[in-house]
Amino acid sequence: MLFSYLPILVMIGIATVMAIGALFMSFVFRPSNPYREKLSPWECGMEPVGDANTGHFRVHFFIIAILFIVFDVETLFLFPWAVILSEKALSAFIFVEMVVFIAILAVGLIYAWVKGALEWV
Amino acid sequence: MPDTSTILEFILIIVKAWVIAMVLFGLPLPLTWLERKIAGHIQVRLGPWRVGPHGLLQPFADMIKLLMKEDIVPYKADKLLFVIAPLLAMVPAFAVFAAIPFGEKVLIPGLDYELTLYLSDMNVGILYILAMSGLGIYGVILGGWASNSKYSLLGGLRSSAQMISYEIAVSFAVIGVVMLANSLSLVDIVRAQGGNILHWNILYLPVGPVWFFIFMIGSTAEINRVPFDLPEDEGTLAAGFHTEYSGMKFAFFMLAEYIAMVTVSVLAVILFFGGWNAPFSIPLPIPPIFWFMAKVAFFIYLFMWIRFTLPRYRYDQLMNIGWKILLPLSLVNVLATGLMRLYL
Chain X
1 MLFSYLPILV
11 MIGIATVMAI
21 GALFMSFVFR
31 PSNPYREKLS
41 PWECGMEPVG
51 DANTGHFRVH
61 FFIIAILFIV
71 FDVETLFLFP
81 WAVILSEKAL
91 SAFIFVEMVV
101 FIAILAVGLI
111 YAWVKGALEW
121 V
Chain P
122 MPDTSTILEF
132 ILIIVKAWVI
142 AMVLFGLPLP
152 LTWLERKIAG
162 HIQVRLGPWR
172 VGPHGLLQPF
182 ADMIKLLMKE
192 DIVPYKADKL
202 LFVIAPLLAM
212 VPAFAVFAAI
222 PFGEKVLIPG
232 LDYELTLYLS
242 DMNVGILYIL
252 AMSGLGIYGV
262 ILGGWASNSK
272 YSLLGGLRSS
282 AQMISYEIAV
292 SFAVIGVVML
302 ANSLSLVDIV
312 RAQGGNILHW
322 NILYLPVGPV
332 WFFIFMIGST
342 AEINRVPFDL
352 PEDEGTLAAG
362 FHTEYSGMKF
372 AFFMLAEYIA
382 MVTVSVLAVI
392 LFFGGWNAPF
402 SIPLPIPPIF
412 WFMAKVAFFI
422 YLFMWIRFTL
432 PRYRYDQLMN
442 IGWKILLPLS
452 LVNVLATGLM
462 RLYL
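Chains as they are written, first to last, in the numbering used here: chain X, 1 to 121; chain P, 122 to 465.
With the rest of the complex left out, here is chain P (with noise of 0.2 Å):
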């Protein structure tokens, strides 16, 4: 019979899995929002408008509309993978956030019990992430190849040999990371960047800011956001790998790619940005997950600014980046780094 705090903990690993979980959920309604009114201010248009004040029902009516929309099985299709492949590219954009600490702990008042911010602080924490991120690799090709139709398999191909390719990229980053922290556990690596800004990773100089380079181009090649959404370009291969779907599981897809555009957010604030550390110490008791969402939000905003600015690349030029210019110069940053941390 297990004592009583190891019930008491297991109840509050579960709540706060469904606290995130539902928050996840119904992130993506602001964040079209957002998404489409910056896209309309930057175009110098109204975006949204009509449905609620400044547009603001418009998620709701977008997501009724999914809900009622026909579910359409393609003929040709294979129908049990065509219906696991929009799970598969969700599922692990959840899981991915049993292993992000959004602060350290608060003392609830009244209560005095200590509450963590975080589901788990796992010992391979920011190898867990790159091993769930990667999964969803899987929902985008068996979705295309499911489909069989010639635009979904391109399009899955297409995704799959961009996101595997700069996947190595990315892990590159990470390690140059961990190089800096000497540990793969979140917290530790937020911890070692307490202190002031000068203490970020992205201030190690010089070799941080060029890994943050090398991150943020991998996972926005990773997220398939502009300038590298290739996947989904319209022109050559109507909407890539989810050509036929449509519905809920259409809305599975987007909801993957939102989770995954605020999991790179994350991911680049706590690796690179200081996590809920205050750049410089303010004498007003401002919270340390205050700071945690500003910088998230500024990602956020980053990721959107970038996808109406910049136009997309050609398919040979995002293999040559990845393989040519981000993997030597990973491997060099490789060598520099432990050179730094060895001899300085």
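Chain X on its own, in the form it takes in the complex (with noise of 0.2 Å):
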């Protein structure tokens, strides 16, 4: 169990490690000549005008990310089922719960579509 699951740490540290590394050699190695205009965000050269990170977006994305939350949660849910699927003594049974679940699912996706939630213009 725990050689099955110490492997990701060990990786995450290499990788971290390797990565500060690289930005180390990169600090000691590259100039460092900042200003006003250079540092200022680009806007096809013109003075940049006010905050981009006030929250000013399209509610759009908030609603395909609850749609995501949505069907993802789904998805969760058909993994231990998509393993057990073929023990033979249950396996009709949950077959057909799981067909119940992804109907309701399936309206909810045609409520959304219906409503204009997958719509961009």
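Just so you know, these hints were derived from the structure itself, not from any lab. Mixed in with the good hints there might be a few duds.
DSSO-like, lysine-lysine: derived pairs with alpha carbons at most 30 Å apart [what the hints assert, rightly or not]:
#: 1; chain 1: P; residue 1: Lys158; chain 2: P; residue 2: Lys190
#: 2; chain 1: X; residue 1: Lys38; chain 2: P; residue 2: Lys186
#: 3; chain 1: P; residue 1: Lys186; chain 2: P; residue 2: Lys158
#: 4; chain 1: P; residue 1: Lys226; chain 2: X; residue 2: Lys38
#: 5; chain 1: P; residue 1: Lys137; chain 2: X; residue 2: Lys38
#: 6; chain 1: P; residue 1: Lys137; chain 2: P; residue 2: Lys226
#: 7; chain 1: P; residue 1: Lys186; chain 2: P; residue 2: Lys200
#: 8; chain 1: X; residue 1: Lys38; chain 2: P; residue 2: Lys445
#: 9; chain 1: P; residue 1: Lys186; chain 2: X; residue 2: Lys115
#: 10; chain 1: P; residue 1: Lys190; chain 2: P; residue 2: Lys200
Derived coverage of chain X by chain P (criterion: at least 3 residues anywhere in the stretch with Cβ under 8 Å from a Cβ of chain P; other residues may be distant) [as the list claims (entries may be wrong)]:
#: 11; segment: 10-17
#: 12; segment: 39-51
#: 13; segment: 65-71
#: 14; segment: 97-109
Cβ-to-Cβ under 8 Å is the rule here; a few derived chain X residues that face chain P [unchecked claim]:
#: 15; residue: Gly21
#: 16; residue: Phe79
#: 17; residue: Val114
#: 18; residue: Gly116
Where a beta carbon is used, it is the ideal one built from N, C-alpha and C, also for glycine.
Reconstruct the complex from the two isolated chains, following the hints.
Structure (structure tokens):
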């Protein structure tokens, strides 16, 4: 058990060390000559207007995020189901259960579709 | 006090992880050269030519240039997140490879020791890979947000919306494969496709090719390759979420992107093309790892080929494909696969 999950930690550690090492190498070699014009956000050469990270973006991205949560959780429920599907004793029963579950979510998808949540204009 | 075999195994894990990480770190060097060369030949030009024979030293020149570039942090940026975002994009891309098997055991001649060609065969392997590659979205959206530039913000939002939309299609395709293999472990998934080419999941008719189709389209969109490279839509977004990045941090985003392409190629091979299994029995002693590498190389070439052949989708078309075509198709295909598994 330990040896099947320890490699994740080792890998993350090695990757982080390598990344920080590369950043340090670049810190040693690179020139540094900042001035205000160079450091301003790129806006086609014009003076930048206002802040970008004030949260002004289309609400549609938020709707997509909510839809994603609904359907991604659905796929998470499908994973254990997919693993035990072929165990013959229960299979027909759990298959029918999953058909009901998918049907409910399909209704959700159709609702979102009809309401225009999937349209980008 | 742990015994010697445990310590040995621990050392082996560190050595293997180090080797895989070094290979992944160096992989963009040949891949960028290859990509530019393929682009050149597809467009009837030479591609990189001047730095070294056939431009072979070009990637090294690029690397040195990226290393020596001035690091620009916009004065309006969120300094901490701006530095963390490239790391958040890159580290999960490496971590994915902790679960990827490159082959079964090989016997080391002389030492009489069986070396496993994977870091770990965890029982939730494919779920772990989906989770880790999903983490890469944080790098994109934080990078876009922390730059405090309008182009970066819009690029980051678009990328994340695109990635999460297609994540669902990819998850469904993976579920299809899990239904065929009855296991989440990648080694078991490959073992279930043992034998000749007819046992590969792509040839589990009629649903196998449909799953592959969904997986390929979904993952192409998830790794932001053409025809779904909207995040790097130069015409409308400058460079998308990494507009403000330069030097090594920019290189990390590129590195993550190339590793993601390799990951997807590896996954396509493991899930649908039988992993390290030979397509048919050949009397020659070809090691399984060769088949694995050859198939992965083919998919990497396929992605580059597509990049210089197809034009880009519009954003509304992209969302339509993800939500209105791939998702209903996956739902129907889950039921079809279930019926086939139960009654065939």
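Right, here's what the structure says about each hint:
{"no.": "1", "hint": "Lys158/P to Lys190/P", "result": "holds, 24 Å"}
{"no.": "2", "hint": "Lys38/X to Lys186/P", "result": "holds, 19 Å"}
{"no.": "3", "hint": "Lys186/P to Lys158/P", "result": "holds, 20 Å"}
{"no.": "4", "hint": "Lys226/P to Lys38/X", "result": "violated, 54 Å"}
{"no.": "5", "hint": "Lys137/P to Lys38/X", "result": "violated, 43 Å"}
{"no.": "6", "hint": "Lys137/P to Lys226/P", "result": "holds, 14 Å"}
{"no.": "7", "hint": "Lys186/P to Lys200/P", "result": "holds, 23 Å"}
{"no.": "8", "hint": "Lys38/X to Lys445/P", "result": "violated, 44 Å"}
{"no.": "9", "hint": "Lys186/P to Lys115/X", "result": "violated, 51 Å"}
{"no.": "10", "hint": "Lys190/P to Lys200/P", "result": "holds, 18 Å"}
{"no.": "11", "hint": "10-17", "result": "holds (count 6)"}
{"no.": "12", "hint": "39-51", "result": "holds (count 7)"}
{"no.": "13", "hint": "65-71", "result": "holds (count 4)"}
{"no.": "14", "hint": "97-109", "result": "holds (count 6)"}
{"no.": "15", "hint": "Gly21", "result": "violated, 10 Å"}
{"no.": "16", "hint": "Phe79", "result": "holds, 6 Å"}
{"no.": "17", "hint": "Val114", "result": "violated, 12 Å"}
{"no.": "18", "hint": "Gly116", "result": "violated, 12 Å"}
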